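Participant: Line by line, the protein sequences give chains A and B.
The first sequence begins at 0 in numbering that gives the first Met the number 0 and counts up by one.
The second sequence begins at 0 in numbering that gives the first Met the number 0 and counts up by one.
The hints are simulated quantities; they were obtained by calculation from the structure and are not laboratory data.
Note that the structure is predicted; figures quoted are calculated from it, not measured.
For each residue, glycine too, the CB sits at the ideal point set by N, CA and C.
Heads up, some of the hints might be wrong.
Sample of chain B residues facing chain A (criterion: CB under 7 Å; computed from the structure) [what the hints assert, rightly or not]: (1) Glu95; (2) Glu98; (3) Gly121; (4) Asp124; (5) Ser192; (6) Ala193; (7) Lys196; (8) Val204; (9) Asp207; (10) Asn208; (11) Ser410; (12) Asp413; (13) Glu427.
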Amino acid sequence: MFYREAGQFKKSYKEDQAILPILQDKIGVVVILLIAFVAIPILASDYWLTAILIPFLVFSLAALGLNLLTGYAGQLSLGTAAFMAVGAFAAYNFELRLPYMPALVSFVLAGLTTAIVGIAFGIPSLRIRGFYLAVATLAAQFFIPWLLVKVGWFTNYSSSGVITTQPIEILGFVFDSPAKRYFLVLSIVAFLALVAKNLVRSNLGRAWMAVRDMDVAAEVIGIKIMRTKLIAFGVSSFYCGVAGALYAYAYLGSVEPDGFNLDLSFRILFMIIIGGIGSIMGSFLGAAFITLLPIFLDIVINEGAEILNLKLAAGVTSIMQLLVFGGLIIFFLIVEPLGLARLWQIAKEKLRLWPFPH
Amino acid sequence: MKLKKVFFISIITLVLNGCGDKSSTDLTSEVEEAAPSQFFGIAGYRVGPYGPSGAPIATGYIDYLTLLNERDGGLNGVRLSWEECETEYNTAKGLECYERLKTRNPLGPTAIHPMSTGITYGLIDKAPVDQIPLITLGYGRTDASDGRVFPWVFPLMTNYWSQASAIVRFIETKEGGEKSLSGKKIVLLYHDSAYGKEPHEILKVEADNFGFDLVMIPVPHPGNEQQSQWMRIKKEQPDWVILWGWGVMSGTSIKTAKKVGFPREKMIGNWWSGAEVDTLAAGPSASTGYIAANMNLSGKNFEVVQEILKHVYQKGKGGDESYVGTVLWNRGVAQAMLTVEAVRNAQAKYGNTPMSGLQVRWGIENLSLTQAKLDELGFGGMVPPITVSCENHEGPGVVRFQQWDGEKWVSISDWVLGDQKLVRKMVEESAAKYASEKNIEYGCSS
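Given only the sequences and the hints, what does the whole structure look like? Please build it.
Facilitator: Here it is in structure tokens:
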């Protein structure tokens with residue numbers, strides 16, 4: 000009834016090619032952005048901002064980066080956390096050695112550094128694919144944290160290898176409160192998500208999808224495989240690098256190389272699998288599922304036990320949370336193997352007919 | 000189709016439950032406000048790869064708080080309350096716990112023990128803003144011992160560098176006194192992580208001072224396979240091996256040492272590799288002779304342990320009796336005692352009401368527990384006397400050595416002090432570097 004495109008005519012190519020061709024979608028996105036940019040900074044508590052929303056946005060960005068590579072270009076990668084580590088340590092070193100540089104510039108440079116590293120580790124993708132490529136990117140996952148621990152210069156010779164980030168400062172303005180940091184992260188993520196959305200609708204995005212679907216056919220119709228794959232690695236790593244820098248600067252405040260372990264890479268991979276492979280929105284949905292659900296379950300289980308007057312040992316609640324979480328992942332994948340983004344798409348199609356399906 | 004319906008309904012009920020629970024939390028917190036309590040936020044870990052080491056500590060901490068509530072009705076008439084949050088030794092989860100515990104009480108948590116070096120680093124910048132003292136007993140940032148730069152961080156009792164230096168002193172006495180170390184060879188077998196790298200610098204300096212050869216061999220995480228490292232140790236033929244392990248690594252080291260025939264009497268673990276979980280994992284007989292440095296003694300012969308057994312476990316309010324008297328459980332009890340004594344100290348100045356983080360910080364910084372006071376509390380012999388000041392957030396800096404006799408740990412030394420002059424010099428240098436990196440103006444305000 001409300002979600003219907005009947006009567007909305009497109010009168011030019013420009014209108015036809017708009018990101019959001021339907022009026023209701025436009026309104027929806029504007030409302031979401033208003034809530035995110037205006038309502039949340041005013042209403043949300045520090046706990047919500049620092050422990051829930053900032054990590055959600057940072058992981059969304061990392062998942063988005065991985066989704067460009069795995070979902071759109073079809074190159075499976077297990078090195079996401081390592082690329083985030085490159086971004087975090089690159090930003091730290093840029094800020095440390097060039098103290099007057101605005102944080103935003105450091106983040107961009109960190110992204111570019113990561114892109115170069117990503118391209119280097121993407122070279123094997125020219126010869127191998129699928130699971131074998133995953134193993135090659137696994138090399139990055141082990142090599143990069145090892146290198147960061149081994150070479151003291153990267154951590155400014157910190158005795159323990161842990162770096163503490165400098166304050167985020169842009170032209171004299173310091174992002175010191177959770178709300179300001181949230182605002183910064185949100186702006187960066189929103190901008191990069193818009194860029195990503197446009198990228199995948201462009202010539203390059205179509206080339207990625209062609210390579211993903213059948214690389215021999217793509218080569219036959221004139222797509223340069225090497226260039227396309229390496230750009231995919233570069234762009235994806237750029238996103239992961241910026242996410243890594245934000246992870247260190249806006250979220251944790253201090254990181255060590257060991258924090259960027261295989262576990263984190265898998266978490267991000269699960270985000271895109273659950274959210275939806277090959278979907279910008281899926282990256283956000285997946286990140287929300289993986290980061291927010293455990294916290295939600297933890298609270299529900301603890302409070303539930305309190306209401307029912309059950310005395311649970313602290314370890315038991317954590318284990319229960321893992322059990323329920325794992326169960327929900329399996330349940331979701333059975334209900335919708337294509338991810339949450341597909342679920343949303345189905346809902347939209349249903350809404351078009353609602354309330355008169357016939 | 001039906002499956003989906005069931006699923007959506009369950010999701011909706013889940014969400015509604017969540018909302019319902021929220022309002023009930025508000026209710027309970029109102030009740031708490033009516034009878035204000037001293038709230039202890041506990042960030043611990045009982046699951047994950049380090050869970051076996053984390054569980055006894057958290058249990059000991061809670062058992063001691065329970066003891067005070069059961070036996071004394073709290074602290075000077077103020078009930079103690081607490082909430083445990085599971086961090087899984089993961090920095091991101093730890094920060095979430097910190098933010099959550101922060102909101103739980105009008106006064107916030109009394110003090111936080113992050114129980115992980117990674118989480119400590121993440122909280123160092125937040126603690127001054129939120130005015131919550133961090134107590135990092137034997138882990139975390141070593142240079143935080145300089146309270147002028149880190150007013151909110153307290154690595155109480157002793158830190159990694161004091162410990163490394165004390166281990167070298169201990170080896171010296173074992174070898175036969177002064178100058179006996181020259182020409183000897185010591186291997187540092189360490190967990191290849193931030194934690195394992197902590198003692199490198201000071202051991203290098205000590206190697207120069209004493210004239211021994213230092214060989215450092217890393218073990219990659221998690222350390223459950225050490226054949227090649229121990230083959231190398233066999234080749235090097237060291238006089239002593241210092242083990243800087245954590246979790247599964249420590250037990251594996253002891254086991255592999257036995258396999259390659261290295262005498263366990265020549266192995267010294269640090270305090271994170273010297274608990275029952277490590278020796279039992281290696282096999283009680285394989286570990287016989289293994290020595291470990293410790294900041295607290297194990298065993299049930301202390302008055303406070305007997306009190307806890309009597310007032311807490313006999314009433315069925317204890318956590319897990321199998322932990323009682325172990326190294327890590329006793330450490331948890333000692334952690335709780337130090338925190339509680341800081342509150343008591345603050346109450347003496349500010350009055351017998353629940354203390355805020357700011358007041359507790361004063362309480363820790365002016366804490367002085369003499370031997371007589373420790374005896375009175377039932378901790379005599381378990382922990383060393385401790386005096387904290389603004390310059391020195393560490394305290395005594397002594398460790399004690401225990402040896403595994405096949406069944407239990409036996410103390411084989413008095414409290415051993417390292418080269419405090421050297422440690423202090425390195426701490427101040429490192430802290431000054433941090434202060435200049437962060438533009439901190441430092442000094443003692445009071």
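Participant: Identify every previously stated hint that the structure contradicts and give their numbers, smallest first.
Facilitator: The structure conflicts with hints 8, 9, 10, 11, 12 and 13, although it agrees with all the remaining ones.
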